[in-house]
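Chain F is fixed; fit chain B with the ligands onto it per the hints.
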Amino acid sequence: MSLLDIRGVSKHFGGIRAIEDISFSLKSSTIMSIIGPNGAGKTTLFNCLTGFIKPTKGTIVFAGTDISGFSADRVTRLGIARTFQNIRLFGGMTVIENVMVAQHATIRSNLFSIITRTGTFKETERSVRETAYEYLEFMGLESAAEHTAGSLPYGAQRRLEIARTLATGASLILLDEPTAGMNPLETDGMMQMIKNIREMGKTVIIIEHDMKFVMGISDRIVVLDHGVKIAEGMPKEIKNNPLVIEAYLGKEAH
Amino acid sequence: MTAVPRYFSRTLLRSSIISLWSAVLFLPFKGLQASLMLFGVLFLLILLLTLAGTWVSPRLTMAAAVRERMHRHLPADRRYLLLFLLPALGVPFIAQNYIIDVAVLAGIYIILALGLNVVVGYTGLLNLGFVAYYAIGAYSFALLNTRLGLGFWSAMPVAVVITTLAGFLFAVPALRLKGDYLALVTLGFGEIVRITLNNWDSFTNGPNGIGSISAPTFVGISLVTLSAYYYLVLFFVLVAIVVIGRVQRSRIGRAWIALREDEIAASAMGVPSTMYKLYAVSFGAFWAGIAGCLFAAKMRFISPESFTFMESVLILCMVILGGLGSIGGVIVGAVILVILPEILREVQMYRMLALGAGIVLLMIFRPQGLFGGRVVSSRH
Ligand SMILES: Nc1ncnc2c1ncn2[C@@H]1O[C@H](COP(=O)(O)OP(=O)(O)OP(=O)(O)O)[C@@H](O)[C@H]1O
Ligand SMILES: [Mg+2]
Numbered sequence: 001m002s003l004l005d006i007r008g009v010s011k012h013f014g015g016i017r018a019i020e021d022i023s024f025s026l027k028s029s030t031i032m033s034i035i036g037p038n039g040a041g042k043t044t045l046f047n048c049l050t051g052f053i054k055p056t057k058g059t060i061v062f063a064g065t066d067i068s069g070f071s072a073d074r075v076t077r078l079g080i081a082r083t084f085q086n087i088r089l090f091g092g093m094t095v096i097e098n099v100m101v102a103q104h105a106t107i108r109s110n111l112f113s114i115i116t117r118t119g120t121f122k123e124t125e126r127s128v129r130e131t132a133y134e135y136l137e138f139m140g141l142e143s144a145a146e147h148t149a150g151s152l153p154y155g156a157q158r159r160l161e162i163a164r165t166l167a168t169g170a171s172l173i174l175l176d177e178p179t180a181g182m183n184p185l186e187t188d189g190m191m192q193m194i195k196n197i198r199e200m201g202k203t204v205i206i207i208e209h210d211m212k213f214v215m216g217i218s219d220r221i222v223v224l225d226h227g228v229k230i231a232e233g234m235p236k237e238i239k240n241n242p243l244v245i246e247a248y249l250g251k252e253a254h
Numbered sequence: 001m002t003a004v005p006r007y008f009s010r011t012l013l014r015s016s017i018i019s020l021w022s023a024v025l026f027l028p029f030k031g032l033q034a035s036l037m038l039f040g041v042l043f044l045l046i047l048l049l050t051l052a053g054t055w056v057s058p059r060l061t062m063a064a065a066v067r068e069r070m071h072r073h074l075p076a077d078r079r080y081l082l083l084f085l086l087p088a089l090g091v092p093f094i095a096q097n098y099i100i101d102v103a104v105l106a107g108i109y110i111i112l113a114l115g116l117n118v119v120v121g122y123t124g125l126l127n128l129g130f131v132a133y134y135a136i137g138a139y140s141f142a143l144l145n146t147r148l149g150l151g152f153w154s155a156m157p158v159a160v161v162i163t164t165l166a167g168f169l170f171a172v173p174a175l176r177l178k179g180d181y182l183a184l185v186t187l188g189f190g191e192i193v194r195i196t197l198n199n200w201d202s203f204t205n206g207p208n209g210i211g212s213i214s215a216p217t218f219v220g221i222s223l224v225t226l227s228a229y230y231y232l233v234l235f236f237v238l239v240a241i242v243v244i245g246r247v248q249r250s251r252i253g254r255a256w257i258a259l260r261e262d263e264i265a266a267s268a269m270g271v272p273s274t275m276y277k278l279y280a281v282s283f284g285a286f287w288a289g290i291a292g293c294l295f296a297a298k299m300r301f302i303s304p305e306s307f308t309f310m311e312s313v314l315i316l317c318m319v320i321l322g323g324l325g326s327i328g329g330v331i332v333g334a335v336i337l338v339i340l341p342e343i344l345r346e347v348q349m350y351r352m353l354a355l356g357a358g359i360v361l362l363m364i365f366r367p368q369g370l371f372g373g374r375v376v377s378s379r380h
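One line per chain: the protein sequences are F and B, in this order. The numbering used here numbers the first residue of the first sequence as 1 and each following residue consecutively. The numbering used here numbers the first residue of the second sequence as 1 and each following residue consecutively.
Hint data in this document are derived by calculation from the structure and do not stem from the laboratory. Computed from a predicted model, the values in this text were never measured in an experiment.
Per the computed footprint, the stretches of chain F lying under chain B, defined by three or more beta-carbons under 8 angstroms from a beta-carbon of chain B, are:
(1) 67 to 81
(2) 96 to 110
(3) 115 to 122
Glycine included, C-beta positions come from ideal geometry on N, C-alpha and C.
Excised from the complex, chain F in its bound form (with noise of 0.2 angstroms):
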């Protein structure tokens, strides 16, 4: 049975079409990549998966429950969490204290036992330091744990952002270009860090724009035009598509 279904999506923009009829569906433990120009409707897709924004026309189901028309932190606690195109973390907070707002909902610390410290509190609240901790040295952030988030280098700043998708206990992760302003170094780093996550046994889509990268590292591809989903496959049938070539290099070029 597949994890994710998602059939016939469309979200429209008053006139604009941002994204229209769209439809696959996806396995656990795999690798998606979302392709496609500037404006093709990648992040709209996103936001319609994880509740930001209500999708037009279209159901989507994620472990066999309905989930369109969910409010966002609803869909994060059933378990998609994402990252955003343009970096979002509590900037003031420090670097493990963002990883631990994300597991907010994995924990249950009503207020009378926050009041009275109860041991069960203390002892939640050290295992989820802990966790915290955890997820930061799989992202390779260990040693900027009491740096302020908003203080980090821009790559270090996209790895916490995982990190905290991590830590909400999600089991399908979203990222929107996770290496976007990467130097190759750190490229090929986050090549291993998003294998290692499905090594976790995470199902994962990431929107990119990097074609080395996403051959290298997809399970499967949908390529999006205009809003429209023009192919889906494996890498070797999308690289040699004549549609995909058309959308991303014109039609004159073939």
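Below, chain B with the ligands alone, put in the same frame as chain F:
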């Protein structure tokens, strides 16, 4: 080489603008001569302060490193408690009644400011009508006491529940708004509450206020003496510090601060934003309710005059002065702003002016507040 003169001329320009502006403000009150004197004094003072600041700041960082190390050994709330408790406990033994009186007032304002700090400092929701909750707390208490004859310990919980509920019910529609719009609506709410209290003669006795509120008792003893009342207020201040500090260092406090930092990112992390804003506003109102009860029981008389917009501004200034989001800072801010007017008794009529000028100076020299800086402190 050019950097130094440019820095110097910028400092000169800045100090002259600030002092000129203050001098012009004072002109109508004290005449030309006094204004010129003020200009001269302020100008020199700001200049010296700025220059001293450039000399001091590297040394301050060193002091901060020492403080950092201290912080690591003491959990946050205990640190403030010790700092605060030792001198506070002794006040009634060494001070005259007048000073104890000011200290009681300071305690009530500390509770208010700590409550507002939850809303403005942690959650980042600007509230310009916080006095409304203070008023609701005080009036509920006064009415329960004078009409139904409830004593302090039974009237207070009911009044606090009413205040918390009022905070919650008002926040439900208000939180559809954001930023400046929210601030304006809260301002309106503050005024509506005051005007209602002022005009609903049959229920609140209008501008004449409610008198003969009975003094609190404790295990049968009436707490009429000033020192007894002082310890009562101190008790609630301590409870506020401990409880708010603990909530801040929990998943609730983290969610509030995350909402302030980036609401969209917070919901992407699974934080239900509206619910947590409602928590914050209700929690803040809860403390205002307690402060209102303490105020009513202390004064034995309340009227709408005590709950004006300026009062909201004053509480907000306490929060900003000490540094948004820092419990220790807010306490210091409240204490300064209660004591300052007492010291400046003779220049009573310039109080607001001085306050305004002070806040402007603060915004120029230390926009993060006196003690702000590291706002989040769930560190151990
Ligand atoms: N909130 C919005 N209101 C109006 N139009 C929008 C909105 N969000 C996106 N669009 C439009 O929808 C289209 C798709 O935008 P989207 O951001 O999804 O593209 P993208 O594939 O992510 O592009 P990029 O590679 O540049 O990130 C664009 O034409 C954009 O202008
Ligand atoms: Mg995009």
